[in-house]
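**Student:** Okay, here's what each chain looks like letter by letter:
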Amino acid sequence: TQLLEQSPQFLSIQEGENLTVYCNSSSVFSSLQWYRQEPGEGPVLLVTVVTGGEVKKLKRLTFQFGDARKDSSLHITAAQPGDTGLYLCAGAYTGTASKLTFGTGTRLQVTL
Amino acid sequence: NAGVMQNPRHLVRRRGQEARLRCSPMKGHSHVYWYRQLPEEGLKFMVYLQKENIIDESGMPKERFSAEFPKEGPSILRIQQVVRGDSAAYFCASSPSGGAPVGLHFGNGTRLTVT
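Protein sequences, first through last, are from chains H and Z. Position 79 of the first sequence, counting from 1, maps to 79 under our numbering, and the rest follow consecutively. Position 90 of the second sequence, counting from 1, maps to 1090 under our numbering, and the rest follow consecutively.
You can trust all of the hints, since none of them are fake.
30 Å max Cα-Cα, derived DSS-like pairs, lysine-lysine: (1) Z/K1044 <-> H/K57; (2) H/K56 <-> Z/K1027; (3) Z/K1027 <-> H/K99; (4) H/K70 <-> H/K56; (5) H/K56 <-> Z/K1044; (6) Z/K1027 <-> H/K59; (7) H/K99 <-> Z/K1071; (8) Z/K1044 <-> H/K70; (9) H/K99 <-> Z/K1051; (10) Z/K1044 <-> H/K99; (11) H/K99 <-> Z/K1062.
Covered by chain Z, according to a simulated footprint, are these stretches of chain H (three or more residues, beta-carbon under 8 Å): (12) 37-48; (13) 98-111.
Hints were generated in silico from the structure; no laboratory data involved. For every residue, glycine included, the Cβ atom is placed at its ideal position computed from N, Cα and C.
All chains, please: the whole structure from these sequences, using the hints.
**Tutor:** Spelled out as structure tokens, the structure:
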């Protein structure tokens, strides 16, 4: 069974702080995606990374794919209350490209 | 543009009844995926379908669960003789093509409660 671990599980910070969420696997991903899910809704795609070492920025969010394509990180700069939500990484492993394996998520709360 | 539409949003069934969950993909998307999210757990892949074909059902329980995506109409996830352990949020996603690195567009899910 391929496992995809996210850390931390829970994170409560104040507005303006920076944070990093990690996503790790012992297996190599062919690609990896990050989603955000709010209560009562489905996950919303934030980014897809494909190449080892790739860095993508989405406003205050920076996504990095590890060189070996086994891990990824999401860094948020100057967090805002609107960033509150469940952040999920999801990897496609080689040979199972259409089947995403999701991490258990990082629940982020940003307070004023 | 309408996103992925799932209905019903909430479904309550007694043990032993059947549950039918519907999913209409985004316009132009011919690939549909079903995922299940149990309380305090991550999303688990169930099945991947294209029109009239099941491509990968490796995440689907062998008994009581079935899925279809007919030529016309929505994709249906059917659970027969539901048990309490089937209580979960069931999410459908669609994409314009299969395979990585395509991102998935998710619906808002159907929350099934088995009493």
